[in-house]
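Student: Below, each chain spelled out in residue letters.
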Amino acid sequence: MKRKMIAMAVSLVAFSGVAGAFDLGKALEDRVKQELEKKTQPAQTTEPAPADSTATKKIDTRQLGMTLLTGYSVEEEVRIGRQVAGNMLGAVPLVRDDKLQNYVNLVGNWVALQSGRSDISWHFGVLDTEDINAFAAPGGYIFVTKGLYRRLNNEAELAGVLAHEIAHVTQKHHLKVLRQSSVIGALGQAASKKAAGSDPVVQNLIGNGAEIMARGLDKNAEYEADRIGMVYAARSGYEPWGLPSVLQDLAGLPAKDSRTGLLYKTHPHPAERLAALGEAVDGRLDAVGGKDAASRFYRLK
Amino acid sequence: MKPATVLLIAALAAVLGACGDRSEEAGAPASGPIAEAPQADPTIAAEAPQADPTIAAEAPRADATLTAEATRADTTTSPPVAEAPRTEPATSPPVAQAPPAPATAADSPAAAPAAAAPASQPAQAAPGTVLRAENLYSEPASTSKVTASVAKGASVAILARQGGWLRVKSGNSTGWIRLLSVRAGEGGLGGAGIGDVVGAATTKSDPTRVVAVAGLRGLNEEDLKQASFNEAELARMEALTVTPAQARSFAAQSGLAVARVPDLPKPQAAQPASTWGTD
Numbered sequence: 016m017k018r019k020m021i022a023m024a025v026s027l028v029a030f031s032g033v034a035g036a037f038d039l040g041k042a043l044e045d046r047v048k049q050e051l052e053k054k055t056q057p058a059q060t061t062e063p064a065p066a067d068s069t070a071t072k073k074i075d076t077r078q079l080g081m082t083l084l085t086g087y088s089v090e091e092e093v094r095i096g097r098q099v100a101g102n103m104l105g106a107v108p109l110v111r112d113d114k115l116q117n118y119v120n121l122v123g124n125w126v127a128l129q130s131g132r133s134d135i136s137w138h139f140g141v142l143d144t145e146d147i148n149a150f151a152a153p154g155g156y157i158f159v160t161k162g163l164y165r166r167l168n169n170e171a172e173l174a175g176v177l178a179h180e181i182a183h184v185t186q187k188h189h190l191k192v193l194r195q196s197s198v199i200g201a202l203g204q205a206a207s208k209k210a211a212g213s214d215p216v217v218q219n220l221i222g223n224g225a226e227i228m229a230r231g232l233d234k235n236a237e238y239e240a241d242r243i244g245m246v247y248a249a250r251s252g253y254e255p256w257g258l259p260s261v262l263q264d265l266a267g268l269p270a271k272d273s274r275t276g277l278l279y280k281t282h283p284h285p286a287e288r289l290a291a292l293g294e295a296v297d298g299r300l301d302a303v304g305g306k307d308a309a310s311r312f313y314r315l316k
Numbered sequence: 004m005k006p007a008t009v010l011l012i013a014a015l016a017a018v019l020g021a022c023g024d025r026s027e028e029a030g031a032p033a034s035g036p037i038a039e040a041p042q043a044d045p046t047i048a049a050e051a052p053q054a055d056p057t058i059a060a061e062a063p064r065a066d067a068t069l070t071a072e073a074t075r076a077d078t079t080t081s082p083p084v085a086e087a088p089r090t091e092p093a094t095s096p097p098v099a100q101a102p103p104a105p106a107t108a109a110d111s112p113a114a115a116p117a118a119a120a121p122a123s124q125p126a127q128a129a130p131g132t133v134l135r136a137e138n139l140y141s142e143p144a145s146t147s148k149v150t151a152s153v154a155k156g157a158s159v160a161i162l163a164r165q166g167g168w169l170r171v172k173s174g175n176s177t178g179w180i181r182l183l184s185v186r187a188g189e190g191g192l193g194g195a196g197i198g199d200v201v202g203a204a205t206t207k208s209d210p211t212r213v214v215a216v217a218g219l220r221g222l223n224e225e226d227l228k229q230a231s232f233n234e235a236e237l238a239r240m241e242a243l244t245v246t247p248a249q250a251r252s253f254a255a256q257s258g259l260a261v262a263r264v265p266d267l268p269k270p271q272a273a274q275p276a277s278t279w280g281t282d
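Chains as they are written, first to last, in our numbering: chain D, 16 to 316; chain U, 4 to 282.
Excised from the complex, chain U in its bound form (with noise of 0.2 angstroms):
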């Protein structure tokens, strides 16, 4: 194991090294996207025959829907944070309710086309609440002009995604804010009208305590409980792994590099004294 050794401490010096590196590239957060081939324009053309068979799978979809999801293929920057774009499993049998929001079926984030900020406004747009009090800019960049403040709590209009970013519309402001400083959906801040779902268990006050609660379908702790050992499955499980020869070739194929990004901190408000594995 003392290769193993060597690579953590490897890693952590390279954790150290890099905290170094991270110099202040003014409008960094952009050329993530940008600069990747793949995301860009080019792309989009590859990527068109995935969205078709996407919708051709989904039928049973409302218009608007389909609308969203057309909107999807054109948008360079990935993963529209709306419920609309993603694929409703057409199979999923416990679900109750209509598969997402129909509000915010209709709007997809129609992203900045080709990468380019700040996007286009489309025809409506995602709830969202703000989860910490933050500033709108004027660009997907810290170093671009702030255009307005918005309070924890805030509702806004998310209309765009950019790497780290959402375009957002709060009040007759609109401008660039980061996307984990807001949640999709108009749960407010913690679980979408869902404390029955959470449970207590939302509270900030008691961090050591174990999630727990709820009313379960679909796949259920008794189905965990009463499951037992599969041989076969487990063997046919274990077959399909890959070598990291295999997968470091994988990762080429795509251009994938490693790159040398530092260990978040933990963050302070959410730090106990205590670790939580002693309680």
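Next up, chain D with everything else stripped away, as it sits in the complex (with noise of 0.2 angstroms):
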């Protein structure tokens, strides 16, 4: 089925980008091909119909291969983000430590300086769970939790972590899953600003509550957020090893921690990514060297 509107999509629109969106290059062109677009019409693309706003309504073929090829707006990204996040933090809320956040903030922030991806502002949150696990939303809403922040040693292995989760947003890994299992032209007509409560019809499109968090990604996303994130941490003069170093970490874990549960159900096992890092990047950060910071690094109380 999936694949079937992908066809449809690719025969309607030829848009040469959709095979090697997973490149950074051509993610990157992508991503700027997007604001391009933004900046003329929300639902322009090469789609030979007239296709305005009010046509989204309908879900037809033709909707179907604008919302694969031209996802979500920034400010549809945004409120999908506030909506998953609000939702998880329904679940579980922040630790209540605001030096601790606050520094969360500082450090993912700064990482996210070395994204690329200025165009949303970036919120980062220490959830008070004993879980080890680290989540992203989209438009930049990103998530640690207290178990996972309290096996780390320094300022870089924080740093990436939260680039792994950069990644997953500058990727757009959550939206691509919305795009394909939900495709759902609501949000387009919907263009309500942005509440401060919850959002009816982005709910509608997640799921329930924040499901979309536990639902996991390919295999493939991951590995991919993990070279990605990896790069982020160096490029913010940290030492790149920092996520390798967690990976570590958790693969020397017992097998069946029920903390790592729900990190194991959404994720490859940590070897499985050490191995796919490995691959990856041999010998090319070996003259790579920055920081751990680690004299700063806050501990939890």
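None of these hints come from the bench; they were simulated from the model. As the structure is a prediction and not an experimental result, all values here were calculated from the model. A virtual CB, placed ideally from N, CA and C, is assigned to each residue, including glycine. Warning: the hint list may mix true and false statements.
[To be verified] Which chain D residues face chain U? A few, computed with CB under 7 angstroms, are given here:
#1 Gly86
#2 Ala100
#3 Val110
#4 Leu121
#5 Asn223
#6 Gly224
#7 Gly252
#8 Gln263
#9 Ala286
#10 Ala290
#11 Glu294
#12 Ala295
#13 Val296
#14 Gly298
[What the hints assert, rightly or not] Subject to a maximum C-alpha distance of 16 angstroms in a straight line, what follows is the list of computed EDC-like cross-link-like pairs (lysine to aspartate or glutamate):
#15 Lys172/U / Glu142/U
#16 Lys228/U / Glu226/D
#17 Lys316/D / Asp112/D
#18 Lys271/D / Glu145/D
#19 Lys316/D / Asp143/D
#20 Lys155/U / Asp297/D
#21 Lys155/U / Glu189/U
#22 Lys271/D / Glu241/U
#23 Lys172/U / Glu189/U
#24 Lys114/D / Asp143/D
#25 Lys269/U / Asp297/D
#26 Lys316/D / Asp113/D
#27 Lys114/D / Glu241/U
#28 Lys316/D / Glu145/D
Hints in hand, dock the two standalone chains.
Tutor: Written as structure tokens, this is what we have:
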């Protein structure tokens, strides 16, 4: 079914970016393209038929093609992210430690500055649970659990973890999943500006609560986020080995540790991630130095 | 959004440019940690106070672990791979088993004292598994002498860590191997006897398949499914946001500077013809 949709979409609109969307260069290209498109008209594509925003109400193949190929606007993305984040926080609140939260926001925003996405405002939060995990919602809402945070040894490791999540956002991995599974044009028509509260239109799109965060992404999306995350962290001046060190730590955890249940449901095992990273990195980062900024790492109280 | 566009283009250009820059610096891997002031000796003192409270907080820990923790304070190059040095949440209720495997708990990587290679031999070593056929080098640098080679799947003892390198013992040979070529723990190539957790998704043959399967406690799928929008908490999170200027100043405070690092290629082996997004 999905494959059919894609095929249709591709035949409707020749869009060379789709096949290579996984490589970062291409992703950046896509991104530039999106920015340009957004400037003119949200619904604009090379689509021959007129496609204005009012046509998005009905789900037809044309709409489908546009949804698949142009993705969501930044505004829609942020609306989706807010809803997911608000639900996530409904499941687990933030740790009540403003110094901690501020510290994580500083590190996260510094890394995000090297990600090439400045069109959104990045938010980071430490969730008050011993579960070991981290999450990224579209639009720049990123979470790390207290359980994972307390395993970190220095700022470079934190940066590595956050960079992995930032990469999910820049690569729009979750949006791609939404496009695959839901393909609803609802967001386009409901142009309502963000309200403070829950957004029923978006909720309808993302399913129940924050389940989209528990559904997980394809393995390759995780491997990609690992690769890009290492690079973001290194570009931020951190030693690139923060993320791998965290993966090494997790690889050494007992297999059935309940704190990693959800993590392993949604991610390949750390050993596999290390192996995949090893293939990609090889000696390429040998000359990269960087700091671990360990001396100012904020320790949990 | 023009600035964003420009930025992206600049990033692309930077990436292309950076590709040319990467000269082969001998001994480069070591240069990071060594060159970095906060990591070298002077900081050890500064860091010591950090280690202590941790130890104190972890009273219930076994002696061996405490020793390991202490070792970490001396470790110039950060994160020990071994289990022991990690801070175990004293509060984590869901953990049925004793936190880390006792075997690994004792060995801390006794990393190269003062960032000088080779590192001294610790009393005990952490078990690890080689993830790809690799060389062992006499120094943590690919330009140094190859002392041995290890096969994929081989068991090694991890003795120390320095930057992107681990000092390991394999059979009668000891040498440095790339950090990413070894996994910590005794689980072999895949997940540590966790076929039950990772499930069939560990096969590389079907990379487009979505990873699934697990039994959970802690934070689970149902928790997330049932969650309802918490407006107040979200407002709290959004209020904590910092500005790019604040982030830059924060980075400058510890001398973090933007580095030119090229994108990593997607490994051929793990690269399907189609993208994951198309299935």
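Student: Would the stated hint for Ala100/D survive a check requiring a Cβ distance to chain U of less than 7 angstroms?
Tutor: Cβ of Ala100/D sits 6 angstroms from chain U, so the hint holds.
Student: Does Gly252/D hold up as a contact with chain U if the rule is Cβ-Cβ below 7 angstroms?
Tutor: 4 angstroms, holds
Student: Does Ala295/D pass the interface check with chain U, least Cβ-Cβ distance below 7 angstroms?
Tutor: This hint holds: Ala295/D lies near chain U, its Cβ roughly 5 angstroms from the closest one there, short of 7 angstroms.
Student: Tell me if the straight-line CA distance from Lys271/D to Glu241/U falls inside 16 angstroms.
Tutor: With Cα atoms ~35 angstroms apart, Lys271/D and Glu241/U exceed 16 angstroms; violated.
Student: Holds or violated: Lys269/U and Asp297/D, Cα atoms, limit 16 angstroms.
Tutor: At roughly 12 angstroms apart (the allowed maximum being 16 angstroms), Asp297/D and Lys269/U satisfy the hint.
Student: If you draw a straight line from the CA of Lys155/U to the CA of Asp297/D, is it 16 angstroms or shorter?
Tutor: Holds: Lys155/U and Asp297/D sit about 15 angstroms apart, inside 16 angstroms.
Student: Mind checking the alpha carbons of Lys172/U and Glu189/U for me, to see if they're no more than 16 angstroms apart?
Tutor: The given pair, whose Cα atoms are some 14 angstroms apart, holds under the 16 angstroms limit.
Student: Between the alpha carbons of Lys155/U and Glu189/U, is the straight-line distance 16 angstroms or under?
Tutor: 14 angstroms, holds
Student: Let me know if the C-beta of Gly86/D comes in closer than 7 angstroms to any C-beta of chain U, holds or violated.
Tutor: 11 angstroms, violated
Student: Is the hint on Leu121/D kept, meaning its closest Cβ partner in chain U is under 7 angstroms away?
Tutor: Status holds, d = 4 angstroms.
Student: Close enough to count: is the Cβ of Val296/D nearer than 7 angstroms to one in chain U?
Tutor: 6 angstroms, holds
Student: For the hint on Asn223/D, does the least C-beta distance to chain U fall short of 7 angstroms?
Tutor: 5 angstroms, holds
Checked against the numbered hints given earlier, the structure breaks hints 1, 3, 22 and satisfies all the rest.
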